[in-house]
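Given the sequences, and given the hints that come with them, work out the whole structure.
Going line by line, the protein sequences match chains A and B. Under numbering that gives the first Met the number 0, the letters of the first sequence match residues 0 to 155, in that order. Under numbering that gives the first Met the number 0, the letters of the second sequence match residues 0 to 382, in that order.
Careful, some of the hints might be misleading.
Derived Cβ-Cβ restraints for the label pairs, each shown as a range [as the list claims (entries may be wrong)]:
1) B:PRO76 with A:GLN18: 42 to 48 Å
2) B:PRO19 with A:VAL29: 45 to 51 Å
3) A:GLN18 with B:ASN357: 17 to 23 Å
4) B:THR183 with A:GLN24: 49 to 55 Å
Only part of the chain A face toward chain B is listed, based on derived beta-carbon distances under 8 Å [what the hints assert, rightly or not]:
5) ILE6
6) VAL29
7) GLY31
8) PHE85
9) GLY94
Calculated from the structure, these hints are not laboratory results. It should be emphasised that the depicted structure is a prediction, and the values quoted were computed from it without experimental measurement. We put the beta carbon where it would ideally sit given N, CA and C, even for glycine.
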Amino acid sequence: MSFKETIQSNIQLSYFEGQIPVNYQYTLGVAGNKFFETLKQKGEFIASVCSHCGVKTIYPLIYCEECFNPIDTYVSIELEGELYSFTKCYRDYQGNTYDEPHVIGLIRFDGIKGGIIHRLNINEKDLKLGIRVKAKLKPTNKRTGGLDDIVCFEKV
Amino acid sequence: MKERVAIVGIGVTGFSSVSPSISFKELTYTAAVKAYHEAGLHPKEIDSFITASEDFMEGYSIFDEYVPDQMGAVMRPVQTVTADFIQALGIGCMMINTGRFRTIAVEAHSKASNVKTLNEVKAFALDPVYIRPLKENADFLAGLEMKRFLEETGNTEEQCAEVIVKNKANALNNPYAAHAASLTIDDVLSSPPISLPLKELDAAKPADGAIMIVLASEKEAKALCKKPIWIRGISWFSGQGNPWCRDFAYADYAQLAAQKAFAMAGIANPLKDLDFAEICDEYSYKELQHLESIGIARKGEAGFLTQTGVTKLGGLLPVNVSGGSLGVGHTYEASGGMKVVEAVMQLRHEAGIRQIPNAKTGLVQSWRGVPTATGAIAILSNE
Ligand SMILES: [Zn+2]
Numbered sequence: 000m001s002f003k004e005t006i007q008s009n010i011q012l013s014y015f016e017g018q019i020p021v022n023y024q025y026t027l028g029v030a031g032n033k034f035f036e037t038l039k040q041k042g043e044f045i046a047s048v049c050s051h052c053g054v055k056t057i058y059p060l061i062y063c064e065e066c067f068n069p070i071d072t073y074v075s076i077e078l079e080g081e082l083y084s085f086t087k088c089y090r091d092y093q094g095n096t097y098d099e100p101h102v103i104g105l106i107r108f109d110g111i112k113g114g115i116i117h118r119l120n121i122n123e124k125d126l127k128l129g130i131r132v133k134a135k136l137k138p139t140n141k142r143t144g145g146l147d148d149i150v151c152f153e154k155v
Numbered sequence: 000m001k002e003r004v005a006i007v008g009i010g011v012t013g014f015s016s017v018s019p020s021i022s023f024k025e026l027t028y029t030a031a032v033k034a035y036h037e038a039g040l041h042p043k044e045i046d047s048f049i050t051a052s053e054d055f056m057e058g059y060s061i062f063d064e065y066v067p068d069q070m071g072a073v074m075r076p077v078q079t080v081t082a083d084f085i086q087a088l089g090i091g092c093m094m095i096n097t098g099r100f101r102t103i104a105v106e107a108h109s110k111a112s113n114v115k116t117l118n119e120v121k122a123f124a125l126d127p128v129y130i131r132p133l134k135e136n137a138d139f140l141a142g143l144e145m146k147r148f149l150e151e152t153g154n155t156e157e158q159c160a161e162v163i164v165k166n167k168a169n170a171l172n173n174p175y176a177a178h179a180a181s182l183t184i185d186d187v188l189s190s191p192p193i194s195l196p197l198k199e200l201d202a203a204k205p206a207d208g209a210i211m212i213v214l215a216s217e218k219e220a221k222a223l224c225k226k227p228i229w230i231r232g233i234s235w236f237s238g239q240g241n242p243w244c245r246d247f248a249y250a251d252y253a254q255l256a257a258q259k260a261f262a263m264a265g266i267a268n269p270l271k272d273l274d275f276a277e278i279c280d281e282y283s284y285k286e287l288q289h290l291e292s293i294g295i296a297r298k299g300e301a302g303f304l305t306q307t308g309v310t311k312l313g314g315l316l317p318v319n320v321s322g323g324s325l326g327v328g329h330t331y332e333a334s335g336g337m338k339v340v341e342a343v344m345q346l347r348h349e350a351g352i353r354q355i356p357n358a359k360t361g362l363v364q365s366w367r368g369v370p371t372a373t374g375a376i377a378i379l380s381n382e
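In structure tokens:
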């Protein structure tokens, strides 16, 4: 220590409490809006397609991550894909523990860059990388245009 | 590098799980006084100052304004970078390379124990539209990556446990370490689940502490210092930013930074040319994934190298002799700094009972943690 004086006793220790609410409205943007509007109204996923290099991306973007060209083409894709990875999550975002784990996976779609990270509802014995899975969506009248319009992914 | 840059002074507080008798400013001040003492400089003789920090971890927005006084940098040029210490070190090197600065002080610290809602701060770094609505703990991304990494490379959970046993045992030899322990593989494998296959002991626990390093140009370094430690290569990269686009089996940012840093330093065969490596091990599997991505181990062989003792103290290439983040503690943006301090001590041959005999060249690597794909690498040498 480089101090002339140091705290020598526990009862001298003190601290200040501080907190501040932080609240945001995150705009979805052109591509995000298109993705969630299509999901809400048609029950479909869309990918963006780069006319320059041909790369298709989910979640869609208005620019190409690979060649940086602008994008104005979007295509509907299957709700079915392949389970790329999964994890059994035992804690929520605040650190509270679950009795039963939430199984979260990354799903890849054939021929498309990127994927969707979401909940899985799959039997333990079937839960393996590489299996085919399909999105289960909320009924049309319950969809709000957000990530929770997808209930989960299930084994095909 | 255009002009050689050396480390001429290090200051470190040591790390602990809490630090209630001292403020974050006093932590930094402690490290700064030591670094300036070693360098034989008064802060007025330092040309510019850099702090690596992240506002949410500090609990201040525009944290830059809370930085100067504890470094002796009031009325002086100061900047903060929102990145790991090694990235700040790289900026310091480039500033010296301009020829307009002779000496730069680089600082980073962790006061993680001040953050009452560490889980929420980590979750707040997740994408608000595409990931955060799942309301899962941010560690789930590490679990997701670990699962794919193990399946695709053939490395095992037992080999990840070997990393923890090794690093926490290494930390027993490091008086700065906060989380040293003598553990067994079974202790690790039976620890509670976080996000399987990730378990409690797979994740580094936070620690408090501060680091300061003084950089100098070659001319200045030779005048100031008997044992300057040269930065022979330094680089940082961001890989696939969106987690749903990532490969998981390898770390793109580490591969890219290694290629660049090795080219700068003239490293052709890392296993042969390096005497040690300090690798980011914020999660156990990350040490293995980083070793393979950097090119120290071939794909699927990092676990085997660990199990057969290649990476232990006394092995062909000791990895995380300091104890790593698993043993010393996870210090957020100071993580790379802790590893640089270890490398400097090793290269000065001042590392005491954990000294690697005749150490000449070492690699230090950092990763900015979940949910990032950003990391840095530096090659340090005493010649
Ligand atoms: Zn393109």
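Here is how each hint holds up against the structure:
1. Roughly 33 Å separates the CB atoms of PRO76 (chain B) and GLN18 (chain A), a value that falls outside the hinted 42 to 48 Å.
2. One distance hint, 45 to 51 Å for the beta-carbon pair PRO19 (chain B) and VAL29 (chain A), holds here, with the actual separation near 50 Å.
3. Range check, GLN18 (chain A) to ASN357 (chain B): about 52 Å between beta-carbon atoms, so the 17 to 23 Å window is missed.
4. About 50 Å separates the C-beta atoms of THR183 (chain B) and GLN24 (chain A), a value consistent with the hinted range of 49 to 55 Å.
5. A hinted interface residue such as ILE6 (chain A) counts as satisfied when its beta carbon comes closer than 8 Å to some beta carbon of chain B; here the least separation is about 4 Å, so the hint holds.
6. About 13 Å separates the beta-carbon of VAL29 (chain A) from the nearest beta-carbon of chain B, more than 8 Å, and the hint is not met.
7. A cut of 8 Å between beta carbons decides the hint on GLY31 (chain A): the least distance to chain B is about 6 Å, and the hint holds.
8. At its closest, the beta carbon of PHE85 (chain A) sits 6 Å from a beta carbon of chain B; the interface hint therefore holds under the 8 Å criterion.
9. Because the smallest distance between the Cβ of GLY94 (chain A) and any Cβ of chain B comes to about 4 Å, under 8 Å, the interface hint for this residue holds.
In this structure, the hints that do not hold are numbers 1, 3, 6, in rising order.
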